[in-house]
Amino acid sequence: MADPANTPLGKMLLEEITPVVMVLCTPLVEQSCLKNGISLVQMLSPFCDFTNIDVPVRTSSDQPYRLHKFKLRLFYSTDVRQPNLEVAKERLKQVITQAGEKNFLESSEPSQVNDFLSRPESEILPSWFQFFNKELVRTLSFSDHEAFDHPVACLLVVSTKDDEPINRFVDLFNTNKLPSLLNDGAMDPKILKHYLLVHDNQDGPLDKATKLFAEMRNAFGQNDCQIICINSSPDGQFHHQNNPWALFKPDALPTENLGGFLNLDDLNEIKDCLQELSSKRIIPYMEQKIRVLNQQVSATRKGFRNQIKNLWWRKGKEDIVDTPNGPVYTFSSIESQIRILGDYAFMLGDYELALSNYRLISTDYKIDKAWMRYAGVQEMMGLTYFMLDQSRKEAEYCMENAFNTYLKLGSAGRRNATRCGLWWVEMLKTRDQIKEAATVYFRICGEDTLHSAVLLEQASFCYLLSKPPMLHKYGFHLVLSGDHYKKCDQIKHAIRTYRSAIPVYEGTTWSRIKDHVHFHIGQWYALLGMYDVAVSHMLEVLASTHQSKTTQELFLRDFLQIVQKTGRTFEVVKLQLPVINISSLKVIFEDHRTNASAEAASVRESVWRSLEEEIIPSLSTTRSNWLDLQSKLIPRKYKESNICVAGEAIKVDIEFKNPLQIPISVSSVSLMCELSANPEEDANSSSIEIQKNESKTSTSIGDINLSLILSEVDFSLEGGETTLVQLTVTPRIEGILNIVGVKWKLSSSVVGLCNFESNPVNRRVVKGRRKAKHSPSNDLKFLVIKSTPRLEGFIHSLPKKTYAGDLRPLVLELSNPSKFPVKNLKMKISNPRFLYAGNQRELNADFPACLKKMNVEKSGGHTNGKKMSQSVFHFPEDISLQEETSLSWPLWFHAAVPGNIHLFITIYYETEGVSNIMKYRTLRMHYNLLVLPSLDVSFELSARPSRSQEFLLRMDVVNKTSSECFQVHQLSSVGQQWEISLLQPVDSILPSQSLFAGQSLSCFFKLKDRRMSSTSEDSTPLSLIQSDVRLGPQDSSEAPFDVSSSPLADFHNCERSSQGLSSQWYEYKADFIFITQLPKGNIDSGAPNTPLVFSHHACDCSLSSMSPVSWVVDGPRTFQHNFSAPLCEVNLKMTITNTSDSVASVHINTFDSPSSNSQPMDDATASEPPENQAGWSAIPVVSDTKIITNDALAAQSSKPLSLGSVPQFIWSGSSSTKLTLQPRLTSEIPLQICVFAPGVYDLSNYVLNWNLTPVDNKVNQGEVYKSSGSCQGYPYNLTVLEST
Amino acid sequence: MTSTACFIIVSRNDIPIYEAEVGSAAKREDAAQLHQFILHAALDIVQDLAWTTSAMFLKAIDRFNDLVVSVYVTAGHILYIYRTDLHMLECSIFVTYDICFVIHTRFMLLHDSRNEDGIKSFFQEVHELYIKILLNPLYLPGSRITSSHFDTKVRALARKYL
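In the order they appear, the protein sequences are chains A and B. Numbering of the first sequence is given in numbering that gives the first Met the number 0, commencing with residue 0 and proceeding in unit increments. Numbering of the second sequence is given in numbering that gives the first Met the number 0, commencing with residue 0 and proceeding in unit increments.
If you're looking for bench data, these hints aren't it; they were derived computationally from the structure. Be aware that one or more of the hints could be misleading.
Derived Cβ-Cβ restraints for the label pairs, each shown as a range [what the hints assert, rightly or not]:
1. 158/B x 409/A: 51 to 59 Å
2. 159/B x 747/A: 32 to 40 Å
3. 564/A x 12/B: 53 to 61 Å
4. 148/B x 718/A: 24 to 32 Å
5. 159/B x 5/A: 58 to 66 Å
6. 78/A x 12/B: 51 to 59 Å
7. 158/B x 89/A: 24 to 32 Å
8. 656/A x 159/B: 27 to 35 Å
9. 11/B x 718/A: 42 to 50 Å
10. 11/B x 596/A: 32 to 40 Å
11. 508/A x 158/B: 24 to 32 Å
Below, computed lysine to any residue pairings styled on SDA-like, alpha-carbon distance capped at 20 Å [claimed, not checked]:
12. 434/A x 48/B
13. 548/A x 14/B
14. 434/A x 30/B
15. 466/A x 149/B
16. 207/A x 145/A
17. 434/A x 46/B
18. 34/A x 306/A
19. 466/A x 16/B
20. 513/A x 49/B
21. 513/A x 47/B
22. 513/A x 30/B
23. 1217/A x 1250/A
24. 466/A x 48/B
25. 1005/A x 964/A
26. 434/A x 11/B
27. 466/A x 14/B
28. 486/A x 48/B
29. 466/A x 30/B
30. 434/A x 47/B
31. 785/A x 969/A
32. 466/A x 46/B
33. 780/A x 969/A
34. 548/A x 30/B
35. 434/A x 60/B
36. 210/A x 142/A
37. 513/A x 16/B
38. 434/A x 59/B
39. 486/A x 47/B
40. 434/A x 44/B
Ideal placement from N, C-alpha and C gives every residue a C-beta, glycine not left out.
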């Protein structure tokens, strides 16, 4: 380690612990000095520091050593007392405040800690710390228990102008004026005196002075007197290089010429005088004193005997009164003597001697419980150890001991502790124990907040400078220090420290710390009136979600207050309140695709695209067409941008979230857009005019008052609430529109801006053409084209909720608000089962009367089947929508199936001569409705074995609603084929003719094939044939509903096609429409007073495995026979009819034994689950109507066979008959059985195998009929009786 | 008797992943931030101490006035294993490098009681809980612990031991 004397602490000690010379002077002396702008002490002080001397010193030992550095401290006698605490504090405060001002102005942006560390240490540490520390130490000077501040000598100065200078010398040393130290016995009043005569050269020549000096020397002794001349420079313009007084009078103005009257001769004289004083007077005096004292101490205290005596003696003194500061020692007491000895030795650099004496005295003080003195001695011991550069541990131990002892004394020792701590800190710093130094700094912090603040800041720098740097601690102590500064209103210091701490906490997730720092910096800047900076810091804490509600309120309130004080609205780019969910950004715009409602816009593009596929002109050709056009019109870079139409709003959906727990109010939310003229069009004009919507006044293009219309939204968000806001922008002129971002006003004082582009988050642009090469920025860029017509469409009184089967007319209204006509309208509806376009003349038809059968000809009974198959509805050519007109068109609605139904309607139209870019547009409508189940209708068709062309129809109806009461109206079969009639009158089944909620109804009908009957019976003319059965009141004259005309027939066709059936119907398959009415429209309906009509459609009710051949076995039912004869023969006749249009070859197999029955049974029967044989049949469900096939019938018929319980009989005729039947022909086959015993016989054990040979011109029918099959025989019971 | 106790788990990069005020003293706003400050400042000392001892429980390492910081350092968790395959063109050898990052997770407790045994047990049990959290495949090491179950358990342990 370097020489302790060269360390900072060493230098400090050599400067601070030096002999004090008390100066007493006459006012005239002072007056002379003040001519130079300095006092006497100030004038002399620069020359009291002797750094280049070489004085031999001999203290206790015989060996002299040489002293190289020596310093005297000069003080006026009035200053030789303990400084006034208040004054000292005030001075320190000034120092700090000044430093604060200075540093605050210099302080730059907080840099990175690492940058900071790379700078040299001297730059990091603020220089005023040193000064502060020195001042702090000095507040403790001239305490009575420490001898090094006691004046060693007294300098008496008298001017030559004074009257009777000799007497003045005597008067000066008047005990009344002497400091208390000398008077109250703390130190020896017999002090070395030195007499100095000052002569002011301006007052006259030196002669008088010399004479006086001679007198002095006679009076006070040769060596004790000196004379100096000052103010030799007559004009006072003498300039000193490196003005020696500048340091001692820091508050002097720079213009002031200190020492202007002192020329070099004067200076040299002063220098010599002081050197003489120190080397010839003071040092020898001190040497002498040390030697004397040392002898005394050795005599009384050194040596074994003395020690024992001392111990004994001390013990005996225990009963002395304990004053708070321990016993009072006068200067003459041996303890004081030892202390003086130690201090003198220290000042003269004889540290060994000093140490031994300090040791000696410290035990004494300890025993005496003179704690203050003890601590002081310990402190000195520590310093001595340090100066000796010996045992570090000892030194530290002593310092710590002293420090703790001071602290134990409470407030009295507090400041001493501070001083001791500062020395200790320096000691540790010298030894590179910077970390420990920091802890000591921390321990020094006492009751004085301001001092603590400075000390804490010094501590923080210690942490920063320690190796490796302890940045966490650095930050913490800076914050602590700042906190203390704030308490003392040193706001600039507070801000400075907090700002220094910011880099430490940058990027950390220790949220509370960050909030604390930023919030307070913001607050303090606001106190200083620097609102801009304050706001920038407050912004950091605004969105602190983790804080409690009250804190959030506080933050927000303070922030708003500060903003208010600035008196202007702030535009903040990254305002975190509220939080904008960029990923929720959704842009809805309309190019050639327009939406009738918001719901339509939210539907996926692919749904529309598939719907529009057929109606819009082929995409590729159109695209290339208008792209070609476009490329001529607009530069390439805008080719990719979206197209929108002037005057039509672009909607932007965006989500705002309040991250706080407190409500916030957001107002004036609007989009930020830029509308620039199309560069291509602007080519002739020199500049591109860009209009920012912020500057709404600068609307230069054209005379339109506003080129952009922006919507503004106000809302308030509760804590944690999220809201979706729709913003719109409507360009009014052509050009390039760019949506830049969104801005809003928080609590109507701060404007937040959010730039969409700066956030590289994927946005969902709902209707943008999603091309891979699209850059996201293009999604927000629009090419605004000239205003084109835009149709608006609406369907009147479409119910939101209805019951299945509901049938009603609706009106579609299209209106064209623009000035240009549109034409070539086309419409497509996604679900023709529910909705299709009617005929224009149906528009004003009376419903439901228009559905009824007219009494006139059936000419009205046409269907729209052709139209529906195309699925695109073309409006008549001659219809075009002129300007500001509207068009109403009827639609038919039928709630086909229950459920949540989406209806998509798209209407295509063309405009002409308006825009080259956009030739057509589509209007998209979307409706969503809820269809509730109403009636559950199922039909069961069974053949009547006895009559080959008649069927039994069973209809089961269940009212599934909870409250509605349906009026049964009619059941119709579709087409001309079937004749339907009731088996029993309706009154007997359903007297009320209405189905109440939950009620079920079963009805039986007879179904007759009209073709067959017409051929066989030939009775009724075609017109009278009833294909409808009225189930309602029989007596009413109401006409039944016409199922063969639109819309019922059309909807029926749709039902069929939706079930995958073609629109043709065939024999043995029947379609039914069941119509009910709801007397009053009490569901959600537009016209509540008209009755609602419900139609339920059932398609393809058939005996699915019905064969094309039907047969009837005919013969006797009861037969009597005398069984005495060997066998009984019964003749039967089978009539077989070919009902198909093909040639059928029929093969009849009879078999006798039941065991062999299983073989020819068809697969459907064999695979039938066993429970079917127990007589129960599962009803297969086909869509919403139940059709009972005759599978079950076949199963039933096979039952007796498999049971094998039948008595034996044999078929006796030909066991196998084959015949060929021409289409629609009947033939008879004789059959015969032999019976051996009386009994009841079931003659069903035969199988008909049939095979169709299709006729050439009816190939397609093969799809409907199976080409071959087999049928089980019908049960035919024959009772054979024994004849008597 | 009211006691102050602030428990915090600090992950790599000195990121706190779990914070809880578990003391019985009435909650004060500025107390919470003071606790954060003290604990944050103590990280420096943990850094120094953690490498000087093999013990996990570092005992009281720092103090601020009457508040003491006790720290428990978990064994290094292998957080990430990067497997890098280098194909050396000249000699066609596949060399596989496994790069492991071993970091400590630090449990820090700020307290004013002097119950060292209790604190040690507390830390040990919390460590077990923490390991369970780490075993959760859905938990990304180093991310914030949001499990309410963990939170209740920690608070229960605090009531038991502190």
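Do the hints match the structure? See the list:
| no. | hint | verdict |
| --- | --- | --- |
| 1 | 158/B x 409/A: 51 to 59 Å | 39 Å, violated |
| 2 | 159/B x 747/A: 32 to 40 Å | 52 Å, violated |
| 3 | 564/A x 12/B: 53 to 61 Å | 38 Å, violated |
| 4 | 148/B x 718/A: 24 to 32 Å | 26 Å, holds |
| 5 | 159/B x 5/A: 58 to 66 Å | 59 Å, holds |
| 6 | 78/A x 12/B: 51 to 59 Å | 57 Å, holds |
| 7 | 158/B x 89/A: 24 to 32 Å | 52 Å, violated |
| 8 | 656/A x 159/B: 27 to 35 Å | 39 Å, violated |
| 9 | 11/B x 718/A: 42 to 50 Å | 33 Å, violated |
| 10 | 11/B x 596/A: 32 to 40 Å | 53 Å, violated |
| 11 | 508/A x 158/B: 24 to 32 Å | 27 Å, holds |
| 12 | 434/A x 48/B | 14 Å, holds |
| 13 | 548/A x 14/B | 24 Å, violated |
| 14 | 434/A x 30/B | 26 Å, violated |
| 15 | 466/A x 149/B | 38 Å, violated |
| 16 | 207/A x 145/A | 43 Å, violated |
| 17 | 434/A x 46/B | 14 Å, holds |
| 18 | 34/A x 306/A | 59 Å, violated |
| 19 | 466/A x 16/B | 28 Å, violated |
| 20 | 513/A x 49/B | 26 Å, violated |
| 21 | 513/A x 47/B | 24 Å, violated |
| 22 | 513/A x 30/B | 15 Å, holds |
| 23 | 1217/A x 1250/A | 11 Å, holds |
| 24 | 466/A x 48/B | 15 Å, holds |
| 25 | 1005/A x 964/A | 27 Å, violated |
| 26 | 434/A x 11/B | 24 Å, violated |
| 27 | 466/A x 14/B | 23 Å, violated |
| 28 | 486/A x 48/B | 35 Å, violated |
| 29 | 466/A x 30/B | 31 Å, violated |
| 30 | 434/A x 47/B | 12 Å, holds |
| 31 | 785/A x 969/A | 57 Å, violated |
| 32 | 466/A x 46/B | 13 Å, holds |
| 33 | 780/A x 969/A | 61 Å, violated |
| 34 | 548/A x 30/B | 16 Å, holds |
| 35 | 434/A x 60/B | 14 Å, holds |
| 36 | 210/A x 142/A | 41 Å, violated |
| 37 | 513/A x 16/B | 16 Å, holds |
| 38 | 434/A x 59/B | 18 Å, holds |
| 39 | 486/A x 47/B | 33 Å, violated |
| 40 | 434/A x 44/B | 11 Å, holds |
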